[in-house]
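Number of protein chains: 2
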Amino acid sequence: MKFATLALVLAAAIPTMAQTANTFQPASTNVWGAEYPRIDASGRAEFRIKAPDASKVQINFWGNPKLDMTKGADGEWTLTTKPLVPGFHYYTVIVDGFEASDPGSHTFFGGGKDASGIEIPEPGSTYYLPTHVRHGAVRELWYFSKVTGTWRHAMIYFPPGYAANTRTRYPVLYLQHGAGEDETGWIKQGHANFIMDNLLAAGKTKPFLIVMAYGYARRAGYVEPVLTGRPFGSPEAMKAMQEMFSAFEDDLTQVLIPYVDTHFRTLSDRDHRAMAGLSMGGMQTFDITFHHLDMFSYIGGFSGAAGIIGGGKFDPKTAYNGAMADPVAFARRVHLLWIGVGTDEPRMMYTGLENLHHELEAAHVLHVFYESPGTSHEWQTWRRDLNDFAPRLFR
Amino acid sequence: MKFATLALVLAAAIPTMAQTANTFQPASTNVWGAEYPRIDASGRAEFRIKAPDASKVQINFWGNPKLDMTKGADGEWTLTTKPLVPGFHYYTVIVDGFEASDPGSHTFFGGGKDASGIEIPEPGSTYYLPTHVRHGAVRELWYFSKVTGTWRHAMIYFPPGYAANTRTRYPVLYLQHGAGEDETGWIKQGHANFIMDNLLAAGKTKPFLIVMAYGYARRAGYVEPVLTGRPFGSPEAMKAMQEMFSAFEDDLTQVLIPYVDTHFRTLSDRDHRAMAGLSMGGMQTFDITFHHLDMFSYIGGFSGAAGIIGGGKFDPKTAYNGAMADPVAFARRVHLLWIGVGTDEPRMMYTGLENLHHELEAAHVLHVFYESPGTSHEWQTWRRDLNDFAPRLFR
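Chains L and U, in that order, give the protein sequences.
For the first sequence, position 334 (counting from the first letter as 1) is numbered 370 according to the working numbering, and the numbering increases by one without interruption.
For the second sequence, position 223 (counting from the first letter as 1) is numbered 259 according to the working numbering, and the numbering increases by one without interruption.
For the record, the hints were derived by calculation from the structure and aren't laboratory data.
In this text the structure is predicted, and so the values were computed from the model without any measurement.
Hints should not be assumed to be uniformly reliable.
A pair counts as met if it fits within one copy or between any two copies, since identical chains are not told apart.
Stated by the list, open to error - Straight line, CA to CA, 27 Å or less: simulated DSSO-like cross-link-like pairs of lysine-lysine:
| hint | residue 1 | residue 2 |
| --- | --- | --- |
| 1 | K107 | K92 |
| 2 | K86 | K102 |
| 3 | K118 | K224 |
| 4 | K86 | K107 |
| 5 | K353 | K107 |
| 6 | K224 | K102 |
| 7 | K349 | K102 |
| 8 | K275 | K102 |
| 9 | K240 | K224 |
I would like the entire structure built from these sequences, with the hints used as guidance.
The structure is reproduced here in structure tokens:
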């Protein structure tokens, strides 16, 4: 075998080597060897995109104005941002109207696609990073769902010691991603495993399993309606969405939970089962747990909660068939009702959850309301949410 | 919380709904709701890319001529391919010189980036698909490497029954990805877990663990040389690559293997440890196992094997300090030497491995030479390789 074969095999692997020392360093979310995007100590990010024949290239941090890049003499487009809020930010690159991920970044499932993401370190925060403590296990799970008629993929976190303590049974938290994300988000973007590892090592939380399900489902034999020309929010689109939510609810409660309780050493009574979710996952959590209070006793909504579907004012007296109408009985039954929001979230989201908090307060419904300072509808908010929520479970 | 909040949260999640019945169906590798790319029964693929302001858009199946797309009146670019070889194919989209992944496809790490991939079904083949058999567990592993001074990520497959059979110890196969790929490839692209599940259910293989490591490493404190202007294959670039290989060898043999043997119920003698890899991983396998024959007794090279690094002719009499010089002693010591190649691989690769096979044969070195009919340097070849290789282990 000749030298050229080596070139054939290896050409793709040689990383771009560091050019010069610089205060900017490659982001931790980059692929091996990618120099860009890179970040400085103030949180500014530099992007570099190869698009020699393009006439317009932009960086799109979702929910923000698109940022125009500048073409250099070498045909590469560059941009340096202002300091970014610490945490994980999705972004895409738009080249002559084509929106795609940045080849320099790993991808993270969000916005319904494998999108780019950039991690801006938060000075002094290690609670969501791998540290020298005992690590739990993250595993993938494939299960066949009689509801959807398909194989479905989920992720599970096992606390350190699960494998060794063969006589111990554990509570379970079902933890859901947001709209456009999937079951991989809480590990890849959220670092839920490292948050738990660090909380456990510090003695701040009880050990429990975390199951992260794929939050979309279509019933076996379901034919998608043709929604062409139907705007978002039209009765047809709403019905399709509610059907998806209903199929997911059945898959979770009739297939996945029994599967988990059969295959792993869980405590399977309602006192040892929690559910939480972010954004759409928070709405799903409220709908599912309140429909199945015989199955759940801890409820968390991270930037998404009750009273959203259907719109209008949320009334604790009548919501969910009056489950909260008697606050004392409710507090005895539901051990934790937890709602969180970032102070910099879009106004509607922030005020919506703040109103929910006030309505619950006015109705004397015991709950926790947590505000993440300076963060928006993004993973840094949800990491903090989990870090506050987890220690309150299964006490 | 008002209806608009729902729109805010959910807008990204509503899948594109099926438009019309068609013989083309969305690829299994697509993201939720993406209609394109789609495939017909003959294996033709239709692509559709939104790039309204672009002047040139191409689909790039790596190693093949780029395919020009055609712009439609709606600003979307389309292309229908000829029938494609069954299996998994990486591809990218090139828009005015910007090469990126297709937002309709999930990404798979290859070519040093998160690239698109399309799965063309192989009629009648289910050996690499989830079926109604017992499934093993795939888990992620984070370990701290004293060699690199960093946290490293690996994947492990546990056969069905591992958790329940708490007194059973298992052999281990270390299975490596190719150049430009990473530790996720054997599960995401290769479906190694499903291949094992199906082999085990059919009683065709012994149960064992599979550890999939990240095949790149930089020693702690190592400063990358500046390789600007140094062509691939230059002494400087070769030295940098060999340093990377050497660091990986130390990480694997000094850190990961002891970690696995400490944390899991393994049989840790050389008779119960195998290594195999594809392409670059095959070369790494030959180098590492022959340097550590005290640790390994089963060796597999999938489209990549001995005698590549350094070029020139491979001489079984002198290679690896004469480990094969006495073929009888070698066959007693190494229980399996396995080499595979696809018949449609690039000529250099095919003839290189065929020559290796002939040289081993001429020197009476016992080995298996497997040819995958009609497949190239691609995952369908390597799935077949594993399906043939695994049943020969630990007999």
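Going down the list of hints, with the structure as the test:
1. Both within a single protomer and between protomers do K107 and K92 lie at most 27 Å apart by alpha-carbon distance, with minima of 9 Å and 18 Å respectively.
2. Proximity of K86 and K102 under a CA criterion of 27 Å is satisfied in both settings, with 18 Å inside one chain copy and 18 Å between copies.
3. Proximity of K118 and K224 under a CA criterion of 27 Å is satisfied intra-copy only: 25 Å inside one chain copy versus 37 Å between copies.
4. For the homomeric pair K86 and K107, the shortest alpha-carbon distances inside one copy (9 Å) and between copies (22 Å) are both at most 27 Å.
5. When the C-alpha separation of K353 and K107 is checked against a cutoff of 27 Å, the pair qualifies neither within a copy, at 59 Å, nor between copies, at 57 Å.
6. Only within a single protomer do K224 and K102 lie at most 27 Å apart by alpha-carbon distance; the minimum there is 25 Å, versus 33 Å between protomers.
7. In the homo-oligomer, the alpha carbons of K349 and K102 never lie at most 27 Å apart, since the shortest distance is 34 Å inside one protomer and 56 Å across protomers.
8. For the identical chains of this complex, K275 and K102 are neighbours neither inside a copy (33 Å) nor across copies (43 Å), given an alpha-carbon limit of 27 Å.
9. Within a single copy, K240 and K224 get their C-alpha atoms as close as 23 Å, which meets the 27 Å cut-off; across copies the closest is 35 Å, which misses it.
In summary, the structure is inconsistent with hints 5, 7, 8 from the numbered list given earlier, while agreeing with the others.
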